[in-house]
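Asker: Given only the sequences and the hints, what does the whole structure look like? Please build it.
Listed here are the chains, written in short residue letters.
There are 4 protein chains.
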Amino acid sequence: MEKKRLSFTIGDVRDMARRFSNWGRWGNEDELGTVNFITPEKTRAAAQRVRQGKVLSLAIDFDKNGPQSGFAGRMNPIHYMMQDGGDVVSGAQDWIPVLRYTDDAIIMPLQCATQWDSLAHIFFDGKMYNDRKPNLVSSNGAEKNSIVPLRDKIATRGVLLDVPKLKGKDWLEPGEAVYPEDLDGAAAMAKTSIERGDIVLVRTGQMAMCRKRGGWGDYAGTGDAPGLSLACAEWIYRKEIAGFATDTWGTEVLPNGTTEVFQPLHCVSLVHTGILIGEIFDLDALAADCARDGVYDFFFSAPPLPITGAVGSPINPQAIK
Amino acid sequence: MEKKRLSFTIGDVRDMARRFSNWGRWGNEDELGTVNFITPEKTRAAAQRVRQGKVLSLAIDFDKNGPQSGFAGRMNPIHYMMQDGGDVVSGAQDWIPVLRYTDDAIIMPLQCATQWDSLAHIFFDGKMYNDRKPNLVSSNGAEKNSIVPLRDKIATRGVLLDVPKLKGKDWLEPGEAVYPEDLDGAAAMAKTSIERGDIVLVRTGQMAMCRKRGGWGDYAGTGDAPGLSLACAEWIYRKEIAGFATDTWGTEVLPNGTTEVFQPLHCVSLVHTGILIGEIFDLDALAADCARDGVYDFFFSAPPLPITGAVGSPINPQAIK
Amino acid sequence: MEKKRLSFTIGDVRDMARRFSNWGRWGNEDELGTVNFITPEKTRAAAQRVRQGKVLSLAIDFDKNGPQSGFAGRMNPIHYMMQDGGDVVSGAQDWIPVLRYTDDAIIMPLQCATQWDSLAHIFFDGKMYNDRKPNLVSSNGAEKNSIVPLRDKIATRGVLLDVPKLKGKDWLEPGEAVYPEDLDGAAAMAKTSIERGDIVLVRTGQMAMCRKRGGWGDYAGTGDAPGLSLACAEWIYRKEIAGFATDTWGTEVLPNGTTEVFQPLHCVSLVHTGILIGEIFDLDALAADCARDGVYDFFFSAPPLPITGAVGSPINPQAIK
Amino acid sequence: MEKKRLSFTIGDVRDMARRFSNWGRWGNEDELGTVNFITPEKTRAAAQRVRQGKVLSLAIDFDKNGPQSGFAGRMNPIHYMMQDGGDVVSGAQDWIPVLRYTDDAIIMPLQCATQWDSLAHIFFDGKMYNDRKPNLVSSNGAEKNSIVPLRDKIATRGVLLDVPKLKGKDWLEPGEAVYPEDLDGAAAMAKTSIERGDIVLVRTGQMAMCRKRGGWGDYAGTGDAPGLSLACAEWIYRKEIAGFATDTWGTEVLPNGTTEVFQPLHCVSLVHTGILIGEIFDLDALAADCARDGVYDFFFSAPPLPITGAVGSPINPQAIK
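Chains as they are written, first to last, in this note's numbering: chain A, 409 to 729; chain B, 409 to 729; chain C, 409 to 729; chain D, 409 to 729.
Hints listed in this document are in silico derivations from the structure and should not be mistaken for laboratory results.
All figures in this text were calculated on a predicted structure; none of them were measured in a lab.
Each statement offered as a hint is correct.
For chains that are exact copies, the list does not tell them apart, and a pair is met inside one copy or across any two.
Below are the SDA-like pairs computed for lysine to any residue, each with C-alpha atoms no more than 25 Å apart in a straight line:
#1 K450 with D701
#2 K577 with A699
#3 K450 with D592
#4 K472 with D632
#5 K561 with G702
#6 K573 with D692
#7 K561 with A696
#8 K462 with E449
#9 K462 with T447
#10 K552 with S429
#11 K561 with R452
#12 K472 with G499
#13 K450 with V703
#14 K541 with W431
Answerer: Right, dumping it as structure tokens:
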């Protein structure tokens with residue numbers, strides 16, 4: 409496997425895309441990609457792992473104080489009240505007999521906080537997963553590869569790989585890459601192994617760094633970031649995992665290790681391997697808990713909202729031990 | 409227990425509110441209500457029930473064709489593309505090296521589709537759950553009783569009570585009430601029992617009726633509807649369930665059995681018992697599946713989005729057998 | 409000129425597009441189209457017509473009770489309060505010394521109520537005004553032909569042509585077309601003439617009909633409607649008017665007089681003549697006023713909001729006599 | 409009159425509120441305040457002033473690059489495409505015969521860019537203009553004092569007072585106050601006078617400063633700003649102007665000259681005098697034009713959008729010479 413390789417060309421990316429492709433593997437109509445690895449038996453076995461009945465939420469708060477800065481048009485969620493306690497007392501609801509109520513709404517980019525990318529989120533050389541063309545994603549939404557087919561699929565074994573812990577530090581530095589041997593090392597440290605159909609949660613500690621310094625700063629795509637090297641593409645493909653997620657904005661180390669293509673791991677792994685990618689996962693409490701009890705795998709449930717045509721979904725992932 | 413009682417006065421409602429109240433039961437600071445019945449042991453045991461690894465989504469599609477008609481300001485979700493396939497081909501993304509992407513956003517009332525009510529959603533006689541005042545819910549959101557404390561709590565045993573099946577019909581008629589004996593009867597028919605900490609899914613068949621007739625019509629609060637009678641308030645309280653949900657807009661039978669107070673069961677059970685209520689659950693596929701395999705209980709995971717200050721949350725509930 | 413012609417082929421439309429084209433007339437960089445006819449002298453003379461100091465608003469209310477039904481994704485405006493009187497009294501603003509405030513926001517399609525179309529709103533045979541291609545309008549907005557260049561241009565003479573009054577009826581029936589001779593007849597009845605650079609307000613009475621019957625019904629694009637026949641395209645071109653507006657959803661008579669192309673007058677007059685088109689103007693009070701004082705021309709000011717990249721704008725047009 | 413007074417107490421503010429109050433002046437039902445000074449004769453005379461036919465837009469661009477930073481929940485406008493050129497070419501509109509189109513929408517606080525405050529925007533000591541209570545502004549909007557009554561009222565004489573020009577500088581410094589003698593001085597310099605019913609545009613140059621330094625910075629309410637001193641309240645009242653506007657976020661000098669009440673001039677002049685206040689007006693091009701031709705007064709048309717219940721409105725004010 410690729411190791412510690414620092415720079416790549418567009419030719420390398422295209423070569424990896426070809427070698428690590430699952431296009432056609434589950435048929436030409438497939439929209440699930442590696443989520444196909446989550447079989448009923450996988451789900452059943454994962455649920456059996458629940459020993460303590462402890463639930464951890466891996467979502468950040470959805471609110472105006474989130475990480476988004478407006479880059480690429482992504483803002484933080486706007487939550488507004490359609491009816492509130494002021495209306496309860498002011499008489500604005502006197503048309504209703506006795507009962508009073510509050511009601512609210514949200515405006516948000518689907519990928520502004522903790523989220524899944526759908527397989528319609530990324531195109532490489534004019535194609536998305538399973539050889540599909542851009543005209544399948546119009547202003548009316550994605551006709552194929554939307555988040556909707558995953559509505560009942562994301563229930564499997566989760567594994568936390570705590571890379572800064574492996575490296576004996578609080579967090580990886582901005583620009584610090586995670587390599588396949590780091591993933592293997594973190595699994596070994598956790599005394600666990602990565603299995604087909606798992607969802608792998610890779611902690612870089614970037615969110616802990618933001619907490620420590622008291623603000624998101626350039627977390628949301630405009631600054632350097634720790635994250636996966638493109639060198640992980642083969643590991644992701646060979647391990648036959650269902651998906652992975654990180655505590656960063658964009659999964660990949662920034663700068664990317666190539667200037668010829670932005671987010672090359674998305675181009676290879678999401679577009680060609682068909683992997684499920686999660687971003688802006690809050691893994692800090694989970695990491696602390698795993699360090700306490702030594703248990704790094706768990707039942708993992710993170711259902712997307714089935715928003716018709718959506719190319720991503722806000723989620724509140726649950727790690728259940 | 410109350411049975412088949414058809415009409416109620418505001419005095420009855422206040423009396424029930426007093427008798428079936430959990431205010432203070434878990435302390436003055438409590439914001440969970442009956443979700444406190446979901447203990448780690450409960451979660452653990454529920455997960456152990458997973459035998460087949462089968463997952464069913466109980467959410468309807470989130471889109472413009474949803475049930476909302478604008479009543480009380482609730483519209484269906486508006487999904488819009490911030491970047492789409494047209495931009496991929498038109499050159500609008502040529503500022504990015506090679507990778508192309510799509511991105512999207514949503515505008516929606518938090519209770520427009522499948523959803524949880526938070527304990528800040530309803531006020532009765534000037535108070536919400538645990539003796540809290542309306543000024544705690546301002547235009548800035550709910551300071552107390554928001555949906556956020558439930559972020560890591562909704563993992564428990566779910567039970568489907570298929571009332572139309574019990575009654576030998578396809579659906580309950582608009583205006584047809586569900587009584588405690590119907591709930592007990594449906595449980596008996598399913599050869600199961602209701603236990604402390606369960607989340608009970610009560611199927612009325614109204615959604616099946618809408619499917620049959622080809623449209624939502626007056627489903628969203630403006631027409632008659634099947635649903636729970638206020639007579640169920642004691643059953644809900646005594647059973648010490650964590651929550652319940654239905655396949656209707658508003659849980660309760662409409663008309664309500666009293667003209668003196670709107671949605672009286674919310675006033676008693678949500679405000680005083682502190683029950684978790686889910687609405688617009690799609691229970692049809694689940695009902696068909698339960699009828700097939702005879703298994704009416706399952707692991708149930710339905711995490712809300714932790715939207716700061718929110719009085720409800722869109723969800724994609726998962727029944728896992 | 410074309411008169412009373414009832415049906416057209418796509419060939420007719422293409423022929424008219426060629427004959428009534430202003431592409432290149434004001435240079436290849438032009439984004440104003442016929443608004444170029446509004447010269448400073450025209451604006452000056454129009455202002456001089458103000459004799460009474462009477463102002464009439466031609467906008468409908470912007471609110472949830474507007475004409476939109478969701479057709480083509482257009483909804484009515486959603487107005488929400490960010491801060492309201494309840495917050496003033498509840499203490500939610502106690503962080504501010506003494507002053508209290510309210511604040512609000514809106515979500516709306518730019519063409520949901522009284523509005524201008526920009527020249528980027530319509531394409532015919534793959535081109536918009538002045539031979540421009542679709543890739544100039546991406547998800548980021550219109551790079552050319554947006555509403556913005558009109559920000560300081562819409563101040564000219566307005567003329568009301570009250571067609572139902574000419575025909576001795578309260579309103580034109582759905583499906584009833586307005587022909588060039590109707591426009592000429594209405595001008596003659598008003599003892600006025602149409603001049604270069606005018607904005608012509610053509611009243612069909614459809615809004616009065618909706619008021620009479622108590623609802624918008626299928627006003628917004630889904631039903632038959634009175635409106636301009638394609639036969640008016642030459643009149644519009646020859647008169648060298650700056651723009652026109654109607655009290656209908658879509659300007660044109662529906663059905664259109666051809667099934668081969670939807671809204672053919674837009675294809676000819678907006679795309680090729682480069683005309684400014686206004687829709688959903690409330691002309692009823694103005695018509696009553698003109699009937700009273702016999703003055704059918706006035707100073708007309710209807711500035712669009714300069715929304716970057718917008719293909720339309722909500723407006724509150726002012727007729728000042 | 410008050411001059412150069414630098415600091416005030418809450419007692420001073422209350423005293424001024426009492427002395428400069430127009431509550432009841434136009435009856436208890438009045439919702440127009442000083443806009444009542446715009447009579448038909450005033451409008452007529454103002455229109456007659458148009459000599460050149462030159463139109464200047466005083467609005468900034470409405471887009472994501474606007475001044476808002478999220479302070480007090482105000483964001484910049486979000487413009488999104490419902491249909492765009494990509495859909496024209498991709499086939500997404502092939503359900504329509506031949507014609508193709510684009511369509512768009514906006515999400516924005518009503519006071520995020522160039523705007524009017526309505527008389528329901530500010531409360532002082534529990535009341536808004538004309539002795540009205542907060543319960544008149546619920547989550548459903550303002551029942552009284554909304555922007556709607558102004559829909560056909562804002563057509564009058566405008567006058568530019570260029571204060572930095574008077575002071576021989578490019579702009580007033582952040583924190584620099586404008587006093588009544590500055591207003592009189594700027595009028596004298598312009599060889600004009602302020603008359604009853606005028607709308608007075610007070611330029612501080614802050615927007616020019618932002619342009620020079622290349623960004624909005626803390627313009628939107630979070631930094632020091634030039635602006636009117638509370639000492640201007642009497643001038644505003646005595647002159648019987650219909651309204652005034654500035655090129656700043658909040659009209660008033662920041663810091664305010666008192667820490668006991670925020671934005672005290674709003675408390676006196678908007679709440680008690682009932683004055684129309686405009687903010688974030690772009691006066692730079694107008695100032696340059698006035699300096700060129702020596703003409704500082706003009707016809708002024710700035711109609712609000714009649715958004716039901718709105719406490720402000722985006723506008724594109726037109727100065728027509």
